[in-house]
Amino acid sequence: MHSDNELMVRLEGVSKRYYLNPKRPWQLRDLVTRPRALLRQLRPREPFWALRDVTLGIRRGEIVGIIGPNGSGKSTLLRILVGISPPTTGTVSICGRFAALLELGAGFHPQATGRENAYLNALFMGLPKSEAKAKVPEIIEFSGLQQFADQPMRTYSSGMYLRLGFSVAVHVQPEILVIDEVLAVGDADFQEKCFEHFARLKESSTTIVLVTHSVGTLKDFADRAILLDHGRVVRDGDPADVADEYVLSRVQASPVARRVFQRALEERGIAATVSTEELDGSNGSGGSTRQ
Amino acid sequence: MEATATRHFGLAAAAKSTSTAWDLLIAVTARDLRVTYQGTLFSYLWWIARPLAMGFVMYFALSRVLRLDIPNYSVFLLSALFPWFWFSGSVQQSAGVMIANGGLLKKVRFPRLILPLSVVFYNSVQFIFALPVLALFVVVAGIDPAVAWVVGIPLLLALQLLLLVGLGTLLASLSVFFRDLGPLLGVVLLLMFYGSPIIYPLERVPERFKPLVLLNPVAPLLEGWRDLFLKGSLPGTELWPTIVFTAALLVLGLSVFRTLEKYFADAL
Numbered sequence: 002m003h004s005d006n007e008l009m010v011r012l013e014g015v016s017k018r019y020y021l022n023p024k025r026p027w028q029l030r031d032l033v034t035r036p037r038a039l040l041r042q043l044r045p046r047e048p049f050w051a052l053r054d055v056t057l058g059i060r061r062g063e064i065v066g067i068i069g070p071n072g073s074g075k076s077t078l079l080r081i082l083v084g085i086s087p088p089t090t091g092t093v094s095i096c097g098r099f100a101a102l103l104e105l106g107a108g109f110h111p112q113a114t115g116r117e118n119a120y121l122n123a124l125f126m127g128l129p130k131s132e133a134k135a136k137v138p139e140i141i142e143f144s145g146l147q148q149f150a151d152q153p154m155r156t157y158s159s160g161m162y163l164r165l166g167f168s169v170a171v172h173v174q175p176e177i178l179v180i181d182e183v184l185a186v187g188d189a190d191f192q193e194k195c196f197e198h199f200a201r202l203k204e205s206s207t208t209i210v211l212v213t214h215s216v217g218t219l220k221d222f223a224d225r226a227i228l229l230d231h232g233r234v235v236r237d238g239d240p241a242d243v244a245d246e247y248v249l250s251r252v253q254a255s256p257v258a259r260r261v262f263q264r265a266l267e268e269r270g271i272a273a274t275v276s277t278e279e280l281d282g283s284n285g286s287g288g289s290t291r292q
Numbered sequence: 025m026e027a028t029a030t031r032h033f034g035l036a037a038a039a040k041s042t043s044t045a046w047d048l049l050i051a052v053t054a055r056d057l058r059v060t061y062q063g064t065l066f067s068y069l070w071w072i073a074r075p076l077a078m079g080f081v082m083y084f085a086l087s088r089v090l091r092l093d094i095p096n097y098s099v100f101l102l103s104a105l106f107p108w109f110w111f112s113g114s115v116q117q118s119a120g121v122m123i124a125n126g127g128l129l130k131k132v133r134f135p136r137l138i139l140p141l142s143v144v145f146y147n148s149v150q151f152i153f154a155l156p157v158l159a160l161f162v163v164v165a166g167i168d169p170a171v172a173w174v175v176g177i178p179l180l181l182a183l184q185l186l187l188l189v190g191l192g193t194l195l196a197s198l199s200v201f202f203r204d205l206g207p208l209l210g211v212v213l214l215l216m217f218y219g220s221p222i223i224y225p226l227e228r229v230p231e232r233f234k235p236l237v238l239l240n241p242v243a244p245l246l247e248g249w250r251d252l253f254l255k256g257s258l259p260g261t262e263l264w265p266t267i268v269f270t271a272a273l274l275v276l277g278l279s280v281f282r283t284l285e286k287y288f289a290d291a292l
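Sequences listed follow chains A and B, in order.
Its first residue numbered 2, the first sequence is counted upward by one per residue in the working numbering.
Its first residue numbered 25, the second sequence is counted upward by one per residue in the working numbering.
In short, the hints are calculated from the structure, not lab data.
For clarity, every value in this text was computed on a predicted model and none was experimentally measured.
Certain hints may be false.
[What the hints assert, rightly or not] Here are the simulated EDC-like cross-link-like pairs (lysine to aspartate or glutamate), alpha carbons at most 20 Å apart as the crow flies:
| id | chain 1 | residue 1 | chain 2 | residue 2 |
| --- | --- | --- | --- | --- |
| 1 | A | Lys130 | B | Asp47 |
| 2 | A | Lys130 | A | Glu104 |
| 3 | B | Lys255 | B | Asp56 |
| 4 | A | Lys220 | A | Glu182 |
| 5 | A | Lys134 | B | Asp56 |
| 6 | B | Lys130 | A | Glu104 |
| 7 | A | Lys136 | B | Asp93 |
| 8 | B | Lys234 | B | Glu262 |
[Said to hold, decoys possible] If you want a taste of the chain A side facing chain B, the calculated C-beta under 7 Å gives, among others:
| id | residue |
| --- | --- |
| 9 | Ser86 |
| 10 | Phe125 |
| 11 | Arg269 |
| 12 | Gly270 |
Glycine is no exception: its CB is placed at the ideal position from the N, C-alpha and C atoms.
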């Protein structure tokens, strides 16, 4: 049952549609003041596809990095994967217990102490009471916050939030660990500690899905990378290749980066032009929402 | 293509997750109680202060100024005001709890039912802690504690708790999609307060208005609490409409919640 090839997560043809809110939601007074605008509201709302036809499988013990520009659908993908939000079309299946760290401090109560929050957060992630109680000292120790464990969370810095949140997530012993871009807040020491811990989790066949903006993280720690853009999977494969493609696409998308890159090439005596065609093409289809 | 989400859990896992959800509910309620009264000198006495203050004002205005002639009017008022504040507090907070916890609902996967249930539990615990104070007022007014309390208190507690669970889950799930619910409830609760037999006895309501007052399922419940403390008598058949209403509301509230819960994260 626990073979290494076992699919832990499977998404098939998953799309997610949101509706864009009208510029101004209508109120009763519009009946009098703006009846024409009200009629316009009756038309179907404008759909926005945050994910389009995503099909992927993740195997036991894989560390998968997800990368892509802002608004490419990374967080939506994680939310669907974790089961917070239902897909509009397609199927999602997940085997095993997972823990998710989608936002810094989600589920922490600012007035409660770090220790109380650690216990409660472990319960939120599905640990039974007895286990949660037993884990709290370990969680506090891993976070390195022993000195502040009994202070209310409102006194914590964002780094301390991350330390506690991450510690809980890795100590509930999930089979699948899902982490949105939150590690960036930690200092170098703690980040190193996290990645060391990932390596240990990997040995125990924990599956890790990680959203990151750091190409370095992707190359160093992921077994596999997925590049998202405009809600589609653009590339799925070797982290180094995907990272290069991502960097290149970013360079093409940004005039400043393009200029810097061009100058770097010229300084090295390489005659090349960074193409802008692809970018202009994609901009035309995806960007404007005006009518 | 049809959208489906499959989670593979066995029966044992389901039982385990139910007990875990229960643990979580208890822990969230305990945290909210602790956090509310942390650092306050009078702790949960603050909860009792509101029905007492309201009782004092009503007593002064109606009994002393307007010379309303109702025996034991202070106990008469308090025995209905305490359960009313339990009711209205739970209802009002149920309609706000999902919006207040929007971040949590969008970012953490947990049994959504925890949120409205913790609101009801939070208010119920405070009411239960306030009961000895109510009993004290009854005794000071010269009424002997009745044997009927032993049966009547748990009975009415259970009935009102179930009523609030049904109402709380219904209002919590609707509040996500209908933002007017919070202010609307403020108005409805105000009307219900004066429309319920709290400051006046049901028997003094003119015959032609009585059906209107009894349309309100909380009225027999409040009368039940009052008769228990004032006369030491157990509620009788007049409670049946409330029991039926509670059962219907439980089914409606829980099924509406179950239907809508998967859309909460996207709607918030």
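Evaluation of the provided hints:
{"no.": "1", "hint": "Lys130(A) - Asp47(B)", "verdict": "6 Å, holds"}
{"no.": "2", "hint": "Lys130(A) - Glu104(A)", "verdict": "23 Å, violated"}
{"no.": "3", "hint": "Lys255(B) - Asp56(B)", "verdict": "36 Å, violated"}
{"no.": "4", "hint": "Lys220(A) - Glu182(A)", "verdict": "16 Å, holds"}
{"no.": "5", "hint": "Lys134(A) - Asp56(B)", "verdict": "19 Å, holds"}
{"no.": "6", "hint": "Lys130(B) - Glu104(A)", "verdict": "9 Å, holds"}
{"no.": "7", "hint": "Lys136(A) - Asp93(B)", "verdict": "62 Å, violated"}
{"no.": "8", "hint": "Lys234(B) - Glu262(B)", "verdict": "13 Å, holds"}
{"no.": "9", "hint": "Ser86", "verdict": "5 Å, holds"}
{"no.": "10", "hint": "Phe125", "verdict": "5 Å, holds"}
{"no.": "11", "hint": "Arg269", "verdict": "45 Å, violated"}
{"no.": "12", "hint": "Gly270", "verdict": "50 Å, violated"}
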